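S.K.: Residue-level listing of the chains:
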Amino acid sequence: MSTITADTTSLDVQAIRSDFPILEREMRNKPMVFLDSAASSQKPDSVVKAMDYYYQQQNANVHRGVYQLSQEATDAYEKGRHLVQGFINAASEKEVLFVRGTTEGINLVASSYGRKFLQEGDEVIISAMEHHSNIVPWQLICEQTGAKLRVIPVTDEGELIMEEYEQMLNERTKIVAVVHVSNTLGTINPVERIIELAHAKDIPVLLDGAQAIPHLKIDVQALDVDFYTFSGHKMFGPTGIGILYGKEKWLNAMPPYQGGGEMIETVSFEKTTFNELPHKFEAGTPDIAGAVGLGAAVEYMEQIGHEAIQKHEHDLLVYGTEALSKIPGIRLIGTAEDKASVISFLLDGAHPYDVGTILDQMGIAVRTGHHCTQPLMDRYGIPGTVRASFAVYNTKEDIDRLVEGVRRAAKMLA
Amino acid sequence: MSINEIQEEIVDEFSFFGDWMEKYEYIIDLGKSLPQIDEQYKDEDHIIKGCQSRVWLHAEPKGNQIQFTADSDAIITKGLIALLVRVLSDQKAADIAEADLYFIDKIGLKEHLSPTRSNGLVSMVKQMKLYGLAIQAKNAN
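Those protein sequence lines, which keep their order, are chains A and B. Throughout the first sequence, residue numbering follows numbering that gives the first Met the number 0, covering 0 to 413 in sequence. Throughout the second sequence, residue numbering follows numbering that gives the first Met the number 0, covering 0 to 140 in sequence.
If you're looking for bench data, these hints aren't it; they were derived computationally from the structure. Keep in mind that this is a model prediction, so the values were computed, not measured. We treat Cβ as the ideally placed atom computed from N, Cα and C, and that holds for glycine. Check each hint, because a few of them may be wrong.
To be verified - Pair ranges (Cβ atoms, derived):
hint : chain 1 : residue 1 : chain 2 : residue 2 : range
1    : B       : A136      : A       : I326      : 50 to 56 Å
2    : B       : S32       : A       : K48       : 51 to 57 Å
3    : B       : S32       : A       : I160      : 41 to 47 Å
4    : A       : E119      : B       : K109      : 51 to 57 Å
5    : A       : R407      : B       : E59       : 34 to 40 Å
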């Protein structure tokens, strides 16, 4: 475990790095620089160990088991839920559903809320900077119900045009689903205002928190958000597990998403009655080890502290933005005032794929392409970007290596 | 030259490079010097969509041979296309269909032809071989 200094806003990055053995690896015979945490973060020792311990010492199917081991497994699983509840300050554990990830969280709401509340002529509001995961599920349900998708446009800098959003809200709007932090641009959207405006017209709001949860302190009650969903693997937890937070009143009103075990109370061929929240939405044997790992990830983040994480990442963002901006021919995509630690860029005349390939040869891992936000790429008229994203274990030296790599790429591709 | 003779020639050329930079600089140069594909073929009918980069391929049958021209929006992809075109273009359709493109592995660029890379190259090779099969079948009739 990392040692934390007395000052709650500074952290010992070398101690943190020692929690992530993978960071010691070499790529292309050079020390690896990992700048793709926005796609999936690395996992600290404590997460891996917690899952290991679960499988070696506590493994059994959860709920309804009469024997001690099953009860221990259930406790381990439910402890994960309890930790997440505290982490996002949900009012009740009933409001914290385990899902496979953000994508499933959004699909669940689109499908379940949509089937119940959407009718022909209704409107669903998303934004132009959404990940495909927050576009396609809504398109599918709109096709089924005859509802229409409306899209909040973005500025050249990568900020939502709030006046347009305000005008879009009307009595036909049945839900607003927007991204909290853009995976491509890094923009932190003004979600408090988005929710306030929607609630003034009694419209619920879903936030895609996949990129926000690793960086920002999320308090679902303070936000007064109706649905908030995120993935474990972007916040130092395992893949395959995520959370859908939903206000109890909505979750109770919504029909189940999938049918199966766990989610039922009684089943007969004539009628099935459903289990209570949160189990009503958790059909089948869940990802028990994933829940245990996610709980360990929550503990890890809380131990470092949000303030310290945010300060460190902000320092990296400022340092990286300044250093990259000095490279001739570079164009930053996404220059919003309020940003998380993501820098998307293009080099004049160079395709992102080429830049990424050269950086890879130098042991630097970045993401290239459209980042599953094709409509956003179309908005800027570009094929994609090179994206460097920073997490709590990254250093200024990592950024120096990136800058050196981008300079080299610029020279080679000129 | 036969397909395999050209492959050997390329493997030999690449053996002189000391490090990755020389290798990639060469590929980038190849990309820049790839003869332009006729603009009329850079359309939806000729595109091979990769998630990362896009590729356009045109096949022109010449008797029992096929001439390929191709292009990409990414220069490294284009350089690799130049190599693939050099190996497979103006070869017999039957030979194209059955070609074993081992040179990519030998010059250490196998990862660029991995299906997960999603740069359009795997699909392009598949498409070239399908043209080979199609022309071969047509000529046999």
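S.K.: Would you say the C-beta atoms of B/S32 and A/K48 sit inside 51 to 57 Å of each other?
M.R.: Distance hint for B/S32, A/K48 holds at roughly 54 Å.
S.K.: Should the hint that A/E119 and B/K109 are 51 to 57 Å apart at their CB atoms be regarded as holding?
M.R.: Given range 51 to 57 Å: holds, Cβ gap about 53 Å.
S.K.: Indicate whether the distance between the beta carbons of B/A136 and A/I326 respects the range 50 to 56 Å.
M.R.: 52 Å, holds
S.K.: If I claimed the Cβ atoms of A/R407 and B/E59 lie 34 to 40 Å apart, would that claim hold in this structure?
M.R.: The hinted range 34 to 40 Å holds for A/R407 and B/E59, with Cβ atoms some 38 Å apart.
S.K.: Does the hinted range 41 to 47 Å hold for B/S32 and A/I160 at CB?
M.R.: 45 Å, holds
Comparing the model with each earlier hint shows no violations; every hint is respected.
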